[in-house]
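Once you've looked at the hints, dock chains V, X, A, D, U, F and C with the ligands against the given chain E.
In case you want the letters, here they are:
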Amino acid sequence: MSRGRPELDRERCKGCTLCVSACPEKILVMSRDQFNRQGVPFAVCFDESRCTACMSCAIICPDMAIRIFRLTAAASEPNVAASDG
Amino acid sequence: MSRGRPELDRERCKGCTLCVSACPEKILVMSRDQFNRQGVPFAVCFDESRCTACMSCAIICPDMAIRIFRLTAAASEPNVAASDG
Amino acid sequence: MYEGLFFAGFGGQGIILAGKIVCLAAMGEGKHVSHIPSYGAEMRGGTANCSVVVSDDEIASPLVPRPSACIVMNKPSLLKFQSIVQVGGLLLWNESLIDLAPSRTDIETLAVKANEIAEAAGSYKAANMVMLGALLKRKPDIASLEAVIGVLGVAVSVRHRELNDINRKALTGGYERA
Amino acid sequence: MYEGLFFAGFGGQGIILAGKIVCLAAMGEGKHVSHIPSYGAEMRGGTANCSVVVSDDEIASPLVPRPSACIVMNKPSLLKFQSIVQVGGLLLWNESLIDLAPSRTDIETLAVKANEIAEAAGSYKAANMVMLGALLKRKPDIASLEAVIGVLGVAVSVRHRELNDINRKALTGGYERA
Amino acid sequence: MPVETLQEKLVYGRPQVLADVPNHYCPGCGHGIIHKLLAQCIDELGIQQTTILVAPVGCSVLAYNYIKVDGCEAAHGRAPAVATGIKRVHPEATVIAYQGDGDLLAIGTAETIHAANRGEKITVIFVNNAIYGMTGGQMAPTTLQAQKTKTSPYGRNPADVGYPIRACELINTLDAPVFIERCAVSSVKGILKTKRAIMKGLRNQVEKKGYSFIEILSMCPTGWGMEPREAAAWVDSDMTPVFPLGNLRDR
Amino acid sequence: MPVETLQEKLVYGRPQVLADVPNHYCPGCGHGIIHKLLAQCIDELGIQQTTILVAPVGCSVLAYNYIKVDGCEAAHGRAPAVATGIKRVHPEATVIAYQGDGDLLAIGTAETIHAANRGEKITVIFVNNAIYGMTGGQMAPTTLQAQKTKTSPYGRNPADVGYPIRACELINTLDAPVFIERCAVSSVKGILKTKRAIMKGLRNQVEKKGYSFIEILSMCPTGWGMEPREAAAWVDSDMTPVFPLGNLRDR
Amino acid sequence: MAVTLMKGNEAIGEAAIIAGCRHYFGYPITPQNELPAYMSMRLPKVGGTFLQAESEVAAINMVLGASAAGARVMTSSSSPGVSLKMEGISYLSGAELPAVVVNMMRGGPGLGNIAGAQGDYFQAVKGGGHGDYHCIVLAPNGVQELADLTVKAFDLADQYRIVVIILGDGFIGQMSEPITLPAPSGRVFDKSAWMLSGATGRDPHVIASMRLAPDDALAHLNARLQDKYRVIEKAECMWEKSQADDAEFLLVGFGLSARICRSSVSALRKAGVRAGLFRPITLWPFPSGELARAAAGKKKILVVEMNAGQMVEDVRLSVLSSVPVDFLGTLGGVTPSVDEIVERVRSYAR
Amino acid sequence: MAVTLMKGNEAIGEAAIIAGCRHYFGYPITPQNELPAYMSMRLPKVGGTFLQAESEVAAINMVLGASAAGARVMTSSSSPGVSLKMEGISYLSGAELPAVVVNMMRGGPGLGNIAGAQGDYFQAVKGGGHGDYHCIVLAPNGVQELADLTVKAFDLADQYRIVVIILGDGFIGQMSEPITLPAPSGRVFDKSAWMLSGATGRDPHVIASMRLAPDDALAHLNARLQDKYRVIEKAECMWEKSQADDAEFLLVGFGLSARICRSSVSALRKAGVRAGLFRPITLWPFPSGELARAAAGKKKILVVEMNAGQMVEDVRLSVLSSVPVDFLGTLGGVTPSVDEIVERVRSYAR
Ligand SMILES: Cc1ncc(C[n+]2csc(CCOP(=O)(O)OP(=O)(O)O)c2C)c(N)n1
Ligand SMILES: Cc1ncc(C[n+]2csc(CCOP(=O)(O)OP(=O)(O)O)c2C)c(N)n1
Ligand code: SF4
Ligand code: SF4
Ligand code: SF4
Ligand code: SF4
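Chains as they are written, first to last, in this note's numbering: chain E, 1 to 85; chain V, 86 to 170; chain X, 171 to 348; chain A, 349 to 526; chain D, 527 to 777; chain U, 778 to 1028; chain F, 1029 to 1378; chain C, 1379 to 1728.
Bear in mind the hints are in silico, worked out from the structure with no lab data behind them.
Positions of the beta carbon are idealized from the N, C-alpha and C atoms, including for glycine.
Keep in mind that the hints are not guaranteed to be accurate.
Stated by the list, open to error - Anything over 10 Å on all C-beta distances counts as not near chain D; from chain F, calculated:
1. Val1101
2. Ser1213
3. Pro1242
4. Met1266
5. Gly1300
6. Ser1316
7. Ala1324
What the hints assert, rightly or not - Dumping the calculated SDA-like pairs for lysine to any residue here, alpha-carbon to alpha-carbon at most 20 Å:
8. X:Lys283 with V:Pro126
9. A:Lys428 with C:Asp1594
10. U:Lys786 with E:Asn36
11. C:Lys1569 with U:Gly913
The following block holds chain E by itself, in its conformation from the complex:
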């Protein structure tokens, strides 16, 4: 089973928390005492090792603040931006 990594853009995050509920692995939380430049708490992943690259968080994010990387064997396709879902 392949693993993944969510890349969260804290400045694009508006703190809506939709990703937090969407994540089946429950590895996303909102920052507690940290605020971004817009003054809102942002989403962070506290345990990337459990990410399955299911993309749920990215799919539901209204602000394109999450990108997802999948970890694959080295001989895979070239690393180009793709949209999916």
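Frame of chain E; chains V, X, A, D, U, F and C with the ligands shown alone:
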């Protein structure tokens, strides 16, 4: 079986002929060489004795050019205007 | 020359068409023309009339408040419009549908049994052509009878072209009887 | 007296409310007042600001192109509005959210750690009240702190009245720290 | 002369509320029939004094001249909005919006849908004659496929301008209306049915039930370029397959 | 740092046609999700260079700033008319009308119905958030029964202003449309379905099939006075019973 | 009377209710949304009807229906929405129905922006709808006047059976000021001779703007309208002058511009320039005679508007060549500044 | 070129096709129905699109879409229908889109009647929509000019990215006269820099009238519009004078009124009164300078309109106090008569 009489107002008649087709007894025709003041032929009843007071002609007349009288035994209701159908 | 013409009747009598035919014929003879229909009251059951100017010179106002010649095809038109004919002007009226002579005495009037003459030509629907024929006789400077007959083919919509024989006869009938 | 005040920040910081509270308090003390919000760009995500005039005399123009005192609650507001403060005027800025001191030297400036003070009073959402308290201290002719506390009950919508304890503390906190 | 022992009784005469004047409609026009039906129903319900009629811009623009009740003009398409304004002021009145297909289904689409959706307690009489009569025969939203009009001179082409809209079906997707029926005045039987529908529509108002919509297929011989008799036959042969008659809702 | 033997592959990134700028929508607003889906579909169909987007008056008034295709503003409610004008000039282009519920179902009702009825070969993306977002939360035609808004402060009262209108069902009474579907962006699953519907709607244009209508139930946390998560849950719990999800037509 | 701090848009609403308005039909648009919101809150409490229409077009036609039915009725909107009401306003005018229409103007043309502006003067005053008609156009300059003129608007509407437009701008609608709520005027207008209510014991009433027959029927209707307009022009002009009598330079402005002008007059006087202000309160009827009198002998008139020059035409028509007229306008929802006005007037003095 | 007898409304249609117009969107209304009917017949034959919209509002917005897409496009209506287009015209103006809009005016206000009238001058010329904008307004006085100005209208629209209104009246639309069909102008306008066509190898184009940020963005748009309007005012005024130079009395009228005035001038000259005619052909830009020059030294100006007095304001603004201006108007679709005009002018001479 009671009988009736259509009263055709030639000046209100616009000559549409709808009554002619509506009469089940086929006793209505359009005037041939006669025109009313608007210059159109008008509907006439050529045989009132066959009128059944079915009111079809009056019902379909868009111009309220036909009134229908029913002939009843003398002791009937008073002769007031009524609308029906 | 300058003639301000006025045609009046009810919808379906070919009033507008009569005016158009005059224009086309007069145009062909090098005249300036204009034609304005009264286009009714955005509702059904109205009357129809139109104003036509035929002139040697460019036409300023196309309106004809006081026609030099007026054709009335039914009784309401006679009652409404006889008064606008200019003193000394011409009033042609359709005797077939009007049971009352014009009351004006300061104008020239001419009764035309237009429906009868038209019926004789083939259809009472050509009554407008009868009136037109009569007008051409009395006002020869507008256009010649031939010119009018000549434009029938262009003027009458394709649907009704088969009527042109009748129209021609009606025009001539009106012309001769005037 | 005549004070032209300007409050700026982002939506949700209670900018408009702060202006309204000033008006109510000053009104109670017999002043003429006016309040105009900048009501954003008919779209989301905008900034919020408002202009308030407090005056002994009738107010002609309610606009405040060059405020005598200006409160800025976030960085974009500081950058945008510090320039409009009149020479010698007062600029209060929310040090909690602005990481850059005002560049003007011809005005009086005061940094207020509004969010921190508010948080201490019970909620960072009362940062606007902290700023207001500071303003009242520096511009005592606008209205007294008591007057402002007195109108909280009327000014704050029913939904948020439970916050008024916090608001009171925040106002006092700002007042004391200015 | 009636036979001596018999007496003449008027069984079909002018409804009291129908003005005794010639109407301006063309020969064979359905508006005349529908006016008469409306007048009969107002008479029979005894609501002349509480009825307010909203006349549309269309051939029936002068409807209030024929039906002797309080009347209001509405701008083209806006009869339901005008009726709403009236009804909200006089909830006790019976308010009727009388409309053509251009009026109700083209320019007035939004007003039609929303008055129905609000369940305004009014009665809408929708005269569907598949054409714009008053302006001289242009294409209507209800013009049939391939039908030639002044603005579809080559026949209505569904690939270009779509199919005729069915008003009753459209309104039937909304929750509030209490009565929706389509009838036709092309035959005596149809007229009798139409009258019953109008009756019901008005009674729903008297009884404060709600919004009623009655679509009436009607002849426009002039716009269609047909003789009146042909026109009546065309309603049955060509219109009813596209606009099926019947009741869609009666609560 | 990824494990040495593994390679990182970007599997979810910004669609090319989606501008790399923050949008102005509120936190948790569905418009952001829907913009992203639209951008993904345009990317995947490779139609960026032939797409023309008509943005409505509503929160999404600046949609053309986010989706990098030719864009046109439409007056409030008139996006289908504007799209019609564009499409009739450029039949080869993919023309999208993006609209809110006030826009599409209130002021624009007539334009909506008639573009659908003509079968204009456009794709309509209908964002149903049960409220007027841009103007600050007034009642929309889709506002639910008892829902409180700025102009229904005591809750929408069906006896007074009727029930929410179901756009898909309304349009489904018309003959011309080729595709009608209702989806929701309140969940990951719903979003995936929504994307497929948008895809289909655009493909129908590329394939010159006809008019497609995609209704999308969407969150307006600000207008509803809810936290984004509550809002998403409310779509599922309260909106979908009134606006059932699913395909109504696919020709 | 108690003094309350009220927002302009809400003050209109409360004043309308004081004036007996129980029917409001409207459609949301910034910057006037507080008015429908207020009405939706208040009207049900006083037995009235608030209805959010499906569009501005529907709203103005609901107003027509309610007015025909005899009610005091109001609608409100802002520039683009008011453009959509033009047909309806022309119909109301033709049918001689009373109604109060509020336009809180915003920046145009088109969608523009939502800042306050004064770009719809021509539309309101000259008639943006078709045909020859006039609405009475009131231009309040603050919250108190918004309230007072709203009460007056209903009386004027009923008295003359005319549409009264309250022409404000977004700033004035959004502004809060302390006001004393006006009292009802107490005037009573009998509408029984024409309103629709069901023909009980009388001939039916008909409300219509159409006149088909005879040929000059519409001309007669128009002649009657024109006669009415002449009466209103004589009787209903309102204006305000301040420091105008001894002034060398006269500022002319309405609404918010007039208040900025008033500040400018103070500034100019302080600087030793004798400036004064003439403020039309009715834009139609325009107080031409009064303005011409006030302008007599002045060195120059400066008209200040938040548009590209609209009322200035009426000012010119009022004074013709007697006094030179200059114009200062701001575009796109920008407000004029006291500085630029002062600078302009001082340039005359130099 | 062949001379044909054509109806005004149809002449517009044919001229539009000559000018390259291939898209027409409209909604029926008397007295202009012959134009859409003509377009529905002809456009499909030349590969164009005729579409009967669901309303005038939809029609003007379809026009907006087609214009944004780069097409030459037209709509037409009559007074009440044109009122409904006001919002759309304001949007077109704000987005600087070219379009040709025909208004064959009828009697108003409201539903009025269907006789020809000139009651929408203010609406067309001052701007019936919201905000500061102008349309070029052309006032043809007969069928030939209807055709010629239609061709010109499309060029003007494209050249300035502006709405051009052809302001006729029902009489002119219904009138038939012999005309020579105009030739295409041959002018080519490159729209590639802004039109929507799909962003192929270029940045996306956006067509919008909204300007939100920065705060003065809308002011900038408006300033550009105003600059454009000043250019047009300089370059595009059209007018006609006849027998004006030696005249003591100057008649001023447009469209049909001008033709009645021309007959009146002849009649007056015959009666020994030196009258002349000034006829604005562009109503906006109004030929103020030319009129002022033509008016210099005249004893009196008589403005004749089929309305209650609309253009007369622009005449007054042109001549100010230099020449007395009188007005003769007819209402409700009635045409002025030569007699009353002659009588009025003779009364000045007495
Ligand atoms: C705003 C406006 N647009 C157009 C018209 C012109 N007009 C008058 S009636 C009508 C349509 C008539 O058709 P319909 O509603 O079907 O009624 P019918 O005449 O067939 O009974 C139109 C387009 C108008 N008066 N006002
Ligand atoms: C003619 C007109 N009327 C009203 C408005 C004001 N207005 C702007 S957006 C909007 C409605 C927004 O609601 P919706 O269409 O549901 O979109 P959302 O903002 O919820 O996405 C309104 C009424 C306007 N700009 N123009
Ligand atoms: S009442 Fe019946 S039978 Fe008698 S004439 Fe009429 S249709 Fe014929
Ligand atoms: S139905 Fe009426 S109008 Fe028609 S022919 Fe018979 S009597 Fe005459
Ligand atoms: S045009 Fe048609 S709808 Fe109008 S009156 Fe004539 S037949 Fe009736
Ligand atoms: S108001 Fe609602 S629809 Fe608009 S951006 Fe905010 S959440 Fe989205």
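Okay, the hints, checked on the actual structure:
1. Val1101: 7 Å, violated
2. Ser1213: Non-interface label on F:Ser1213 holds, nearest chain D Cβ at 21 Å vs cutoff 10 Å.
3. Pro1242: Given that every Cβ of chain D is farther than 10 Å from that of F:Pro1242, nearest at about 15 Å, it holds.
4. Met1266: Fine: 30 Å to the nearest Cβ keeps F:Met1266 off the interface.
5. Gly1300: 57 Å, holds
6. Ser1316: 33 Å, holds
7. Ala1324: 45 Å, holds
8. X:Lys283 with V:Pro126: 19 Å, holds
9. A:Lys428 with C:Asp1594: Answer holds: A:Lys428 to C:Asp1594 is near 14 Å, not above 20 Å.
10. U:Lys786 with E:Asn36: 27 Å, violated
11. C:Lys1569 with U:Gly913: Violated, at about 38 Å.
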